[in-house]
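Engineer: Sequence:
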Amino acid sequence: MAGVVPPMAAMGQKVPEIPKTEQIVDYKNLPCPIPYEELHREAMMSLKPELFEGMRFDFNKPLNPKFFLSHSVFMGPTEIPSQSTETIKIPTAHYEFGANFVDP
Numbered sequence: 003m004a005g006v007v008p009p010m011a012a013m014g015q016k017v018p019e020i021p022k023t024e025q026i027v028d029y030k031n032l033p034c035p036i037p038y039e040e041l042h043r044e045a046m047m048s049l050k051p052e053l054f055e056g057m058r059f060d061f062n063k064p065l066n067p068k069f070f071l072s073h074s075v076f077m078g079p080t081e082i083p084s085q086s087t088e089t090i091k092i093p094t095a096h097y098e099f100g101a102n103f104v105d106p
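Residue numbers (our numbering): 3 to 106.
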């Protein structure tokens, strides 16, 4: 394998050199990106996105620069724990209406 010539060098072209980094990284002294106590919460947020059965609808409408309306509809089951291993799901529906007036 010592006599193998790279294809670009065989054709007379210059082989690009890979630049060496001047800094040496000390992998034993890297800072921790998050505290150990929050590691479980960060993992759960990354691995289990917020999924649910049902639907959710949010609508915000500015009528003018000072007055806004908002509607929020949620339809889906509410899970209630039971004494057995199964959970009880009760269908629920929720509607909210909001009117906001902003006067600085």
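Any given hint could be a false lead.
Said to hold, decoys possible - Capping the alpha-carbon separation at 20 Å, the derived lysine to any residue pairs in SDA-like fashion look like this: (1) Lys68 / Pro106; (2) Lys91 / Val104; (3) Lys50 / Glu81; (4) Lys68 / Lys30; (5) Lys63 / Val27; (6) Lys63 / Thr80; (7) Lys63 / Gly100; (8) Lys50 / Lys68; (9) Lys91 / Gly78; (10) Lys50 / Val104; (11) Lys50 / Lys63; (12) Lys91 / Lys63; (13) Lys63 / Ala101; (14) Lys63 / Glu88; (15) Lys63 / Gly78; (16) Lys63 / Phe103; (17) Lys91 / Lys68; (18) Lys91 / Glu40; (19) Lys63 / Asn102; (20) Lys30 / Gly78; (21) Lys91 / Phe103; (22) Lys91 / Glu81; (23) Lys68 / Glu40; (24) Lys91 / Glu39; (25) Lys50 / Val75; (26) Lys68 / Glu44; (27) Lys68 / Asn102; (28) Lys68 / Glu39.
As the list claims (entries may be wrong) - Cβ-Cβ distance ranges computed for the label pairs, FRET-style: (29) Tyr97 / Pro67: 39 to 47 Å; (30) Val104 / Phe76: 24 to 32 Å; (31) Lys91 / His42: 49 to 57 Å; (32) Phe76 / Ala45: 22 to 30 Å; (33) Gly78 / Val104: 38 to 46 Å.
It is worth saying that the hints were derived from the structure and are not from the lab. All C-beta atoms in this analysis are idealised placements derived from N, C-alpha and C, irrespective of residue type, glycine included.
Engineer: Output the numbers, in ascending order, of every earlier hint that fails for this structure.
Structural biologist: As far as the earlier hints go, 2, 4, 5, 6, 8, 10, 11, 12, 14, 15, 17, 18, 20, 21, 23, 24, 25, 26, 28, 29, 31 and 33 are violated by this structure, in ascending order.
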